[in-house]
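Trainee: So the sequence lines, in the order shown, correspond to chains A, B, C and D.
Under this note's numbering, the letters of the first sequence match residues 1 to 324, in that order.
Under this note's numbering, the letters of the second sequence match residues 1 to 324, in that order.
Under this note's numbering, the letters of the third sequence match residues 1 to 331, in that order.
Under this note's numbering, the letters of the fourth sequence match residues 1 to 331, in that order.
Don't read these hints as lab results, they were simulated from the structure.
By construction, the Cβ of each residue, glycine as well, lies at the ideal position given by its N, Cα and C atoms.
Some hints could be false.
What the hints assert, rightly or not - Which bits of chain B does chain A cover? Going by a derived footprint, with three or more residues having C-beta under 8 Å, they are:
#1 99 to 110
#2 137 to 149
#3 261 to 268
Stated by the list, open to error - Straight-line Cα separation of at most 25 Å, BS3-like style, residue types lysine-lysine; simulated pairs:
#4 Lys217/B / Lys285/A
#5 Lys199/C / Lys199/D
#6 Lys313/B / Lys250/A
#7 Lys285/B / Lys251/A
#8 Lys167/C / Lys199/D
#9 Lys319/B / Lys285/B
#10 Lys250/B / Lys285/A
#11 Lys167/D / Lys199/C
#12 Lys196/B / Lys285/A
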Amino acid sequence: MVEVTLIEASRRAVLQEMRVDSRVWVLGEDVARGGLWGQYQDFLAEFGEQRVVSTPISEATIMGAGLGSALVGMRPVIEMRIFDFVMCAMDELVNQIAKVRYMFGGQAKPAVVVRMPHGMWRNSAAQHSQMLEAWFAHLPGVIVVTPATPADAAGLLVQAIRSDDPVLFFDPKDLFWVTGEIAEPIEPIPFGVARKVTAGDAATVVTWSAAVPVATKAAELLATEGIKVDLLDLRTIWPWDQAAVIASVKKTGRLLVVHEAVEVAGFGAEVVARVVDQVGTTNLKAARRLAAPRVPVPFAPPLEAQLRLSPEKVVNAVKGLLAA
Amino acid sequence: MVEVTLIEASRRAVLQEMRVDSRVWVLGEDVARGGLWGQYQDFLAEFGEQRVVSTPISEATIMGAGLGSALVGMRPVIEMRIFDFVMCAMDELVNQIAKVRYMFGGQAKPAVVVRMPHGMWRNSAAQHSQMLEAWFAHLPGVIVVTPATPADAAGLLVQAIRSDDPVLFFDPKDLFWVTGEIAEPIEPIPFGVARKVTAGDAATVVTWSAAVPVATKAAELLATEGIKVDLLDLRTIWPWDQAAVIASVKKTGRLLVVHEAVEVAGFGAEVVARVVDQVGTTNLKAARRLAAPRVPVPFAPPLEAQLRLSPEKVVNAVKGLLAA
Amino acid sequence: MSDAGDNLRRLTGLYRMMARIRAFEETALAAHKAGEIPGPLHVSIGQEAVAAGICGNLRIDDRLTSNHRGHGHAIAKGADPRRMMLELFGRAGGYCRGKGGSMHIADFSVGMLGANGVVAGGIPIAVGAAQGLKMQQSDAIVTCMFGDGAVNRGPFLEGLNWAVLYKLPVLFVCEDNGVAAFTRADTVTAGPGVIDRAKALGVAAISIDGNNALAVDDAAQVAVTAVRRGEGPHLLHVRTYRITGHTSTDAAAWRPAEEVEEARARDPIARLGAVLAERGVEPSELGRMIDDARAEMAAARGEANAAAWPEPAVAFEDVQDTGAVAWSKSH
Amino acid sequence: MSDAGDNLRRLTGLYRMMARIRAFEETALAAHKAGEIPGPLHVSIGQEAVAAGICGNLRIDDRLTSNHRGHGHAIAKGADPRRMMLELFGRAGGYCRGKGGSMHIADFSVGMLGANGVVAGGIPIAVGAAQGLKMQQSDAIVTCMFGDGAVNRGPFLEGLNWAVLYKLPVLFVCEDNGVAAFTRADTVTAGPGVIDRAKALGVAAISIDGNNALAVDDAAQVAVTAVRRGEGPHLLHVRTYRITGHTSTDAAAWRPAEEVEEARARDPIARLGAVLAERGVEPSELGRMIDDARAEMAAARGEANAAAWPEPAVAFEDVQDTGAVAWSKSH
Ligand SMILES: Cc1ncc(C[n+]2csc(CCOP(=O)(O)OP(=O)(O)O)c2C)c(N)n1
Ligand SMILES: Cc1ncc(C[n+]2csc(CCOP(=O)(O)OP(=O)(O)O)c2C)c(N)n1
Ligand SMILES: [Mg+2]
Ligand SMILES: [Mg+2]
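Whole structure, please, built from the sequences with the hints as guidance.
Mentor: Structural data, given as structure tokens:
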């Protein structure tokens with residue numbers, strides 16, 4: 001075990017896989033210089049410029065070329081630098097990557113990983129802060145990964161690179177310099193298995209990505225008041241660990257979904273709707289969401305704070321849930 | 001009152017507004033020839049080539065140029081031909097149109113209408129059949145319109161053209177040749193007001209767009225068995241008529257949301273989650289969704305039929321709900 | 001003139017391929033009009049020399065990306081018209097098991113990486129495939145077919161720039177039939193045209209008469225050789241004419257009748273037939289090739305009409321491995 | 001040489017504008033390093049002649065779209081550096097009420113339609129604004145600023161093609177500072193360059209030395225006149241150098257020190273200062289302009305540091321009129 005930052009954990013995951021699988025290559029802006037976040041530091045020296053490809057600012061082609069290479073058997077790691085720029089490559093992602101296998105009756109194997117650092121981070125404002133992971137849960141054909149710890153980022157990234165399905169990997173910008181232990185070699189973590197952060201009977205709290213440390217802090221605060229919650233980090237929102245969530249809610253009778261993205265039509269709605277469907281209303285005392293208002297992300301710190309989660313907000317939401 | 005098809009109703013709505021407001025103009029591929037669906041037939045002769053602009057196949061610029069014109073006071077109707085091609089213009093829609101007013105502190109008025117014929121229609125397969133309206137309910141800054149009748153298409157399109165907000169107008173391809181009465185002149189229909197299609201106490205059925213006639217047929221079939229439902233056509237999913245839905249569910253205690261789009265993380269999840277939040281679980285017997293599986297749209301008729309709604313499926317879902 | 005021009009067997013092969021493509025398109029068009037084929041259908045009648053002339057110079061392990069008007073490209077690349085017809089009809093035995101239809105035909109076994117329902121959608125995919133092949137030190141190349149309408153979409157610029165940067169083995173083919181749907185492409189294409197655009201991006205480019213199969217064949221042979229030799233991407237601008245409408249339901253009545261007549265007079269199949277006749281091929285032999293092609297496609301149509309539909313469960317297969325929903329069970 | 005070149009008052013104005021932009025950028029950079037400014041910050045030190053030389057030829061009702069490195073463009077277009085600084089600091093009095101920050105500064109009252117956080121994002125907006133102005137029969141024009149990194153994104157092709165088709169009054173300005181973030185732009189830009197790309201799309205284009213304010217001013221005057229006269233879009237390729245890093249936190253240490261030194265020797269402000277000195281302007285007067293500019297920006301910084309933050313409720317305003325959530329109430 002070694003203690004590293006989340007971004008370094010992700011670096012080691014790709015490094016490990018590139019060492020054993022010559023089909024893996026990285027493409028994106030500035031990746032030969034180590035990438036915007038240092039997540040490809042020293043890759044060029046080790047793998048050369050054919051496998052570590054700094055590209056023009058051509059997002060559509062970064063995405064589409066990644067796919068094209070997969071169609072001849074490569075396994076690209078497509079680096080999007082910042083999630084919001086994926087909007088320049090949506091045809092390639094939505095109409096091509098997500099659909100080729102199906103449309104072609106199984107002939108195509110779009111084994112791509114698309115890395116998309118997302119979320120609010122240091123007041124980057126509306127065009128550099130979006131969290132739209134829910135969109136891709138709604139999009140057939142893709143896997144949606146939303147890690148929150150160095151170990152999960154590493155293990156899920158290894159799994160992603162080995163996956164034959166296209167994987168949309170939402171790197172959590174706000175947690176890049178959070179540290180944690182990872183094993184070496186890095187073992188893959190299967191998709192769709194939630195991580196239980198804390199255990200308790202009072203309520204079920206479901207979360208992922210940058211909301212995880214906030215909810216964890218809240219669970220600790222609640223515990224000091226004797227309120228113990230089942231806190232589940234989904235880690236991947238498609239597939240997601242329905243069994244774990246449903247089992248927990250059956251036990252606690254209360255569900256709170258906490259996410260950093262906008263509440264309206266966010267993935268929290270799916271969790272609530274599915275739980276209501278599967279658990280029924282008789283044994284369900286309340287199911288609620290705590291998430292961002294339907295507002296673009298503003299720049300100024302006091303405004304951004306209006307949209308951000310905080311342990312206090314989570315604590316209050318849990319207490320409100322318990323009162324229901 | 002005059003009986004027309006839905007596509008003709010939409011044609012008359014734009015025609016009416018272009019006659020009274022010289023700021024309104026239309027841009028998109030082939031629009032000077034009447035548009036792919038005939039929705040701009042004879043516009044060129046009446047308004048000339050400055051206001052009826054056939055464009056190159058440059059979706060990003062069709063979208064972005066529409067916005068640019070709005071920033072100098074025009075009111076563009078941006079024609080996207082088929083929804084799926086919007087994927088080629090997502091930066092312009094998501095990062096620019098939806099955000100300029102907010103990012104610039106209120107200086108910009110992005111009064112654009114984006115028309116996006118969507119949904120399954122005559123086996124058009126995966127790249128020409130998508131229904132992703134839920135995505136845009138999740139996107140702050142835009143209005144999402146999903147009409148199902150000629151009268152609603154006309155009235156909502158008039159309202160859209162007069163709106164200072166960006167309006168995403170999802171033309172329902174499958175209903176283009178359905179006929180119905182429209183008033184002349186066409187009166188605007190406010191956003192966020194549901195239409196009650198049938199009334200009843202057994203359950204609340206919420207739907208929109210191409211699912212409306214299917215659910216209506218189902219309600220008729222159920223009525224012949226003595227089961228009367230409150231059937232609500234939301235008409236716009238952002239804003240949506242929460243008050244009407246919540247009032248109905250408080251009365252019936254049962255909710256079914258029916259939509260043509262994929263169920264997972266579709267807008268039905270939001271409706272369920274919000275209703276659970278506002279109505280509580282004590283008086284709610286069941287809340288469910290009937291929608292498409294998480295699968296791209298296949299081509300062959302028997303396969304497409306697997307994804308499509310039918311009155312029978314709705315009838316069965318309502319009966320299942322009543323048994324809960 | 002190249003070997004190709006002199007090789008009668010090669011020319012006869014070209015003729016047969018064009019006749020087969022024409023017969024496929026005419027058969028599909030008739031079947032669509034008869035209500036046998038669902039969905040939209042774009043045929044390439046009049047453009048057969050492009051597909052045949054280009055793809056005749058490709059190896060089976062060369063890759064191809066195509067567009068919405070791609071039947072000819074697929075047949076010329078070696079796809080089986082029977083399985084294509086089955087796909088058009090949405091049947092289980094089709095290339096995509098009935099899940100793709102006309103606009104999404106692919107046959108990876110012959111390097112045909114797929115038609116595309118999005119204009120210019122194949123361009124980024126083609127350059128990426130070429131990059132993959134280059135990493136694998138293969139000498140296979142990628143041919144990327146698109147229409148004159150595609151040169152106004154962003155990926156055209158991005159893809160050509162990209163191919164030059166990494167010196168990729170891509171042959172870009174701009175199949176210029178003069179129209180994009182219902183609009184004359186030149187009315188929405190500014191500047192001197194695709195050749196200048198390509199050159200401004202560093203791509204070697206020439207224009208050829210796409211209704212002259214020999215000219216296409218010759219130019220393709222030169223370009224394919226250069227691309228395969230590692231000289232970087234090339235572009236062929238191939239001028240042709242779309243005889244029928246945009247889709248099977250479009251009469252394209254806005255075009256002057258004389259224009260279409262004049263184009264018919266330049267029919268690529270008749271033109272190559274005249275060359276062959278000059279070189280001593282009997283008219284009856286030419287006629288037989290056409291009859292054979294028609295019979296082949298009529299048989300394919302008959303088979304398709306009789307073929308089984310895909311089982312409903314097929315709708316739920318090949319979505320993804322992990323996280324695919326066994327819908328009927330879980331929902 | 002044009003009137004501009006001969007007009008000492010004009011040249012002095014150019015000098016003052018460049019000094020103000022430089023002072024703004026240096027002040028902002030210092031403030032960012034001191035932790036006073038949140039978010040990312042891209043300054044244009046060394047590139048001032050581009051903004052000043054181009055925008056000095058625009059009317060207040062001409063429109064401008066800019067990019068992520070747009071402070072200079074905004075100041076030169078007439079925006080108030082005080083309100084810009086307030087915006088950088090995220091304060092209530094900023095142009096965007098603190099909601100945009102450095103990358104989203106706009107001042108519609110002087111025709112500045114916004115910076116943009118997306119590379120090439122301003123191009124489609126600019127052509128649409130020009131189309132709107134043309135429909136309104138205005139003789140105002142639109143200037144569209146973008147970097148050398150933007151010419152590899154699709155909207156570059158689409159936007160230029162579009163502007164030519166509809167003969168729109170757009171002046172495209174490619175501000176070529178040699179780099180795109182941490183990559184030399186020429187290593188990812190194939191072919192002969194932006195001038196050829198523009199010409200291949202039918203856009204009249206010339207290259208100029210962007211560290212020579214007089215040259216920029218002259219070329220802009222000619223181009224603006226032509227565009228305003230209805231001659232269609234023009235492009236200026238303006239070669240300059242980014243003295244500092246990509247963002248305020250980037251040291252750009254990968255560049256050889258000599259390269260930066262050599263660029264400093266071509267500092268556009270010093271060069272114009274030398275011209276002015278030659279024409280008899282006292283060094284003390286030049287110094288005073290620089291001091292004034294610094295004082296102006298220091299005052300802006302001081303004011304910004306002391307200024308009020310926006311009220312929390314501002315976060316919920318200007319989302320949209322219909323369907324905006326009064327969040328605190330409903331949730
Ligand atoms: C991005 C995109 N925009 C619009 C369309 C609709 N469309 C299909 S084919 C076509 C015309 C294409 O013209 P061209 O590329 O010249 O091909 P051709 O049909 O002439 O073979 C259009 C506009 C599409 N499929 N994709
Ligand atoms: C579409 C998009 N891709 C990537 C980025 C990240 N990015 C911001 S600035 C920049 C470099 C831009 O270079 P250039 O256009 O030359 O402008 P300069 O920074 O040199 O002024 C990049 C890659 C972005 N903002 N938008
Ligand atoms: Mg064409
Ligand atoms: Mg640059």
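Trainee: Hint by hint, say whether it matches the structure.
Mentor: Structure-based check of each hint:
| no. | hint | in the structure |
| --- | --- | --- |
| 1 | 99 to 110 | holds (count 3) |
| 2 | 137 to 149 | holds (count 5) |
| 3 | 261 to 268 | holds (count 7) |
| 4 | Lys217/B / Lys285/A | violated (35 Å) |
| 5 | Lys199/C / Lys199/D | holds (11 Å) |
| 6 | Lys313/B / Lys250/A | violated (29 Å) |
| 7 | Lys285/B / Lys251/A | holds (20 Å) |
| 8 | Lys167/C / Lys199/D | holds (24 Å) |
| 9 | Lys319/B / Lys285/B | holds (13 Å) |
| 10 | Lys250/B / Lys285/A | holds (17 Å) |
| 11 | Lys167/D / Lys199/C | holds (24 Å) |
| 12 | Lys196/B / Lys285/A | violated (30 Å) |
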